[in-house]
Amino acid sequence: MKFQRTALAGVFRVKAEPHLDARGGFARLHCPEEFAAAGIPFAPAQTSLSCNPHPGTLRGLHYQAAPHAETKLVRVTRGRVFDVAVDLRPDSPTHRRWIGEELSADNLLALFIPEGVAHGFLTLEAHTDVLYQIAPAYTAGHAAGVRWDDPAFGIDWPMAPALLSPQDAAYPDYDA
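Numbering-wise (numbering that gives the first Met the number 0), the sequence shown opens with residue 0 and increments by one.
Keep in mind that the hints were calculated from the coordinates and are not lab data.
Label-pair ranges, simulated between beta-carbon atoms:
id	residue 1	residue 2	range
1	T138	A35	22 to 32 Å
2	P171	H18	38 to 48 Å
3	Q166	D20	41 to 51 Å
4	H18	H94	38 to 48 Å
5	T138	D20	41 to 51 Å
6	T138	A168	18 to 28 Å
Note that CB positions come from ideal geometry on N, CA and C, so glycine has one too.
Given these sequences and hints, build the entire structure.
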C-alpha cells in the first residue's frame, strides 16, 4: 500500500498495489502494521457496505459526535463516487476545509478519514457499492452531520444530487 497525505490534516489517500498475473489480481486493502508504519494507527472494529443503485445518490455529510467519534477507511468495491471529507476539528490547521477524491472499483484508491472529519459521497454511476472499515464500533445515538451544500464549506460537487435522504437534507449549517 502507498499512503499519501492530502490537503486536510490527518486525511490520507491509500492506494492498494495489486499483484497481477495470468489469473488476475490480488491486493491487500488493509494491514495494521503497514498503517502503523505510515504513522496511522488503525485497527477497524466494524466493516460496513453501502449499496447505491442510482447515480447521483448523495450520502452525507456524516460523523459521530464525541466521545464516540469514528475513524474510517472508505473505498469503492463497485462503481464510482466523488468522496468528500470536511475538517470539523476547531483546533485543526485545516478547519472548515474540504477535499474531494474520485474513488472507484478500478482505481483501488481509499480515503482514510480521522475523527472529527465529516464524510460524504455522491455516486457517479448506477450500482455503486462503498465499503467502510470503522474504528471504534458504531455507537447508536451519536450520529451527526452537516448539510452537503453548506456555504461554510463551498464544496464543488461534480453534479447536483438526484437522491438525498430527508435526514441528510435537514442537517443544519455548520456553526463553529
